[in-house]
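Student: Residue strings, one per chain:
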Amino acid sequence: MKQELKSTKFGKYGGQFVPEVLMPALEELTGQYEKYKEDPVFNEELDYYLRDFAGRPSPLYHAKQLSREYGVKIYLKREDLVHGGAHKLNNTLGQGLLTKYMGKKRIIAETGAGQHGTACAMVGAVFGIKTEVYMGAKDTVRQRMNVYRMELMGTKVIPVKSGSQTLKDAINEAIRDWVANVETTHYMIGSVVGMHPYPTMVRDFQSVIGKEVRTQIMEKEGRFPDSIVACTGGGSNAMGIFHPFIDDDVDLFAVEAGGSGLKATDKEALHSATLCAGEDGVLHGARTKVLQNKYGQILESSSIAAGLDYAGVGPELAYLADIGRIKPRYSLDNEALEAFHDLCRLEGIIPALESSHALAYVKNAAASGELGDVVVINISGRGDKDLETVLGMNK
Amino acid sequence: MRISEKFSELKKRDEGALIAYICAGDPTPEGTKEYVTALVRGGADIIELGLPFSDPVADGPTIQAGIERALNGGMTPDIYFRMVGSLKVHIPLVVMTYYNLIFKRGLEKFVKDCASSGISGIIVPDLPAEESGELAGLCEKNEIDLIFLVAPTTTESRMEQILTRGTGFIYLVARLGVTGARSDIAVSTSELIRRVRTDTPKAVGFGISNGRQAAEIISAGADGVIVGSAFVDIIAKGKDVPNKLEALASELKDGIKIAR
Chain D
1 MKQELKSTKF
11 GKYGGQFVPE
21 VLMPALEELT
31 GQYEKYKEDP
41 VFNEELDYYL
51 RDFAGRPSPL
61 YHAKQLSREY
71 GVKIYLKRED
81 LVHGGAHKLN
91 NTLGQGLLTK
101 YMGKKRIIAE
111 TGAGQHGTAC
121 AMVGAVFGIK
131 TEVYMGAKDT
141 VRQRMNVYRM
151 ELMGTKVIPV
161 KSGSQTLKDA
171 INEAIRDWVA
181 NVETTHYMIG
191 SVVGMHPYPT
201 MVRDFQSVIG
211 KEVRTQIMEK
221 EGRFPDSIVA
231 CTGGGSNAMG
241 IFHPFIDDDV
251 DLFAVEAGGS
261 GLKATDKEAL
271 HSATLCAGED
281 GVLHGARTKV
291 LQNKYGQILE
301 SSSIAAGLDY
311 AGVGPELAYL
321 ADIGRIKPRY
331 SLDNEALEAF
341 HDLCRLEGII
351 PALESSHALA
361 YVKNAAASGE
371 LGDVVVINIS
381 GRGDKDLETV
391 LGMNK
Chain R
1 MRISEKFSEL
11 KKRDEGALIA
21 YICAGDPTPE
31 GTKEYVTALV
41 RGGADIIELG
51 LPFSDPVADG
61 PTIQAGIERA
71 LNGGMTPDIY
81 FRMVGSLKVH
91 IPLVVMTYYN
101 LIFKRGLEKF
111 VKDCASSGIS
121 GIIVPDLPAE
131 ESGELAGLCE
141 KNEIDLIFLV
151 APTTTESRME
161 QILTRGTGFI
171 YLVARLGVTG
181 ARSDIAVSTS
191 ELIRRVRTDT
201 PKAVGFGISN
211 GRQAAEIISA
221 GADGVIVGSA
231 FVDIIAKGKD
241 VPNKLEALAS
251 ELKDGIKIAR
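Chains as they are written, first to last, in the numbering used here: chain D, 1 to 395; chain R, 1 to 260.
It is worth saying that the hints were derived from the structure and are not from the lab.
These numbers were taken from a predicted model, which means no experiment stands behind them.
Ideal Cβ positions, reconstructed from N, Cα and C, are used throughout, including at glycine.
Heads up, a few of these hints could be off.
Stated by the list, open to error - Some, not all, of what chain R presents toward chain D, calculated at C-beta under 7 angstroms:
# : residue
1 : Ser54
2 : Gly85
3 : Pro125
4 : Asp126
5 : Thr155
6 : Pro201
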């Protein structure tokens with residue numbers, strides 16, 4: 001079931017739907033990635049940064065109070081404790097190192113809430129590579145603190161004023177920049193989305209999450225969990241924890257953002273549940289599930305969690321959903337918010353609103369027996385960034 | 001009219017082609033009909049009519065704004081094909097759009113709609129040769145040209161693959177970057193024209209906005225010049241649009257004629 005890098009597709013999904021200008025760069029990137037992913041020197045350096053800079057391995061924590069409340073044995077994979085407060089750094093360290101090895105002089109990236117942008121800024125600073133991040137103008141206002149964090153680390157944040165002024169438009173603008181500067185610049189995509197080789201490469205860099213869980217759960221339980229639950233926007237934390245278990249007898253639940261319900265108009269969706277409610281389409285270089293209207297115009301998505309607020313999803317997830325290997329589910333905004341408070345109150349952990357969607361699903365589904373007896377939930381990030389949103393919702 | 005007929009007609013006159021782009025429905029479907037007529041009056045040999053997509057990654061700010069105006073004006077693929085079918089022009093019309101709109105409509109239906117509404121060619125900036133097999137087959141069956149882009153970054157092996165697939169004309173991207181008018185012609189342009197060795201006509205686009213640049217492109221060995229943003233800019237300003245479109249088309253066409 002595991003895909004070889006040579007193939008640009010996952011079943012019918014994936015591919016490289018990009019302007020011709022970029023095709024040689026994608027060929028180069030694929031070749032360089034293939035070369036360095038097996039290179040001992042590269043991997044030793046990556047391991048060093050993952051350990052001493054990012055703080056890996058992240059703990060697998062048995063959440064006793066939450067387990068009692070939700071009625072199932074729950075382990076939390078603590079990606080919220082990774083430097084920067086989210087799993088995003090696993091990928092940017094990998095790609096940042098690759099940028100250095102490829103000799104590119106500049107990194108560009110897109111960011112929604114600013115988590116990936118922040119992880120890029122950290123890597124830009126530590127590796128001494130000029131970094132510029134595109135961010136929807138609306139998001140720069142909503143996430144002012146993250147803009148400041150990036151700027152503190154020497155990254156230039158470029159507000160994007162086109163379209164809906166959110167993540168989708170930031171990606172469009174980053175692609176335009178890359179088209180113009182492809183010879184000197186590496187485009188650091190932050191999720192398992194976009195054109196080949198990004199979905200494969202980002203998944204591989206994030207797979208450190210699932211690899212650690214394999215060892216940790218054996219130490220604690222002497223067996224694999226019955227199920228793993230991860231929130232899914234583009235899907236990088238989900239693929240990261242799922243992938244090492246893909247050939248094992250473990251149920252994998254991808255929990256999307258149901259927003260205020262799975263409804264949509266001709267222009268916008270009230271949710272971001274692409275696997276649950278999207279249709280086949282081509283967005284940002286890949287064939288995948290997308291939220292679109294009957295003509296194929298991409299909808300504006302919506303979610304309380306900015307990191308899940310995207311009208312597409314990783315092509316590998318679309319494939320795994322089609323063949324029944326992963327189970328797409330969703331949690332609504334208010335359910336996520338409730339689960340957010342549960343974890344704060346019961347365990348003294350403030351989760352990201354993104355990760356709260358995974359928690360909310362476990363809360364709802366535990367009683368049905370669907371999750372089995374032992375569940376691992378990926379806490380993909382911490383919630384400090386969300387406090388203003390939560391304050392606003394509680395009013 | 002097939003694109004190849006137009007180019008052979010021009011060749012007999014030893015003349016380069018002016019290929020003009022505007023976005024259909026910018027700002028209204030009715031306006032587009034009038035603008036197409038004005039461009040033809042000014043001397044456009046082929047017209048590229050953009051079918052607007054919500055996320056146009058290959059386009060710069062000027063054309064993005066045109067696309068946004070068209071979408072806000074209610075342009076859809078259904079309206080597009082109806083409007084194109086009602087146009088009374090005797091030059092080739094080419095649709096330029098992004099792959100998702102073709103994919104969602106269904107490749108076969110899209111190509112058939114092109115054929116029945118009088119479209120002669122299809123340009124899809126986010127569809128590289130690797131992903132184009134199915135569409136290319138349908139285009140061939142329906143006698144529609146599938147036009148491919150080559151860029152200064154295109155490697156020799158890719159170039160070969162693209163040149164065997166491309167029909168109608170080869171779209172040479174004059175420089176790295178998105179669409180948009182610029183004041184200079186890159187050295188890489190003449191280099192690229194030399195590198196594209198084919199009998200299929202070569203048309204150069206991206207960044208061309210006046211008669212002098214058009215002349216330079218033709219002198220460098222191109223068979224045609226593609227101009228988009230400069231026309232869309234006139235539409236954006238909204239004043240005396242048909243006359244200004246005609247005047248710019250005729251300036252460009254004069255430049256193209258002088259060059260030979």
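Student: Confirm or reject each hint.
Tutor: Structure-based check of each hint:
| no. | hint | verdict |
| --- | --- | --- |
| 1 | Ser54 | holds, 4 angstroms |
| 2 | Gly85 | violated, 18 angstroms |
| 3 | Pro125 | holds, 5 angstroms |
| 4 | Asp126 | holds, 5 angstroms |
| 5 | Thr155 | holds, 5 angstroms |
| 6 | Pro201 | violated, 18 angstroms |
Violated hints for the displayed structure, listed by number in ascending order: 2 and 6.
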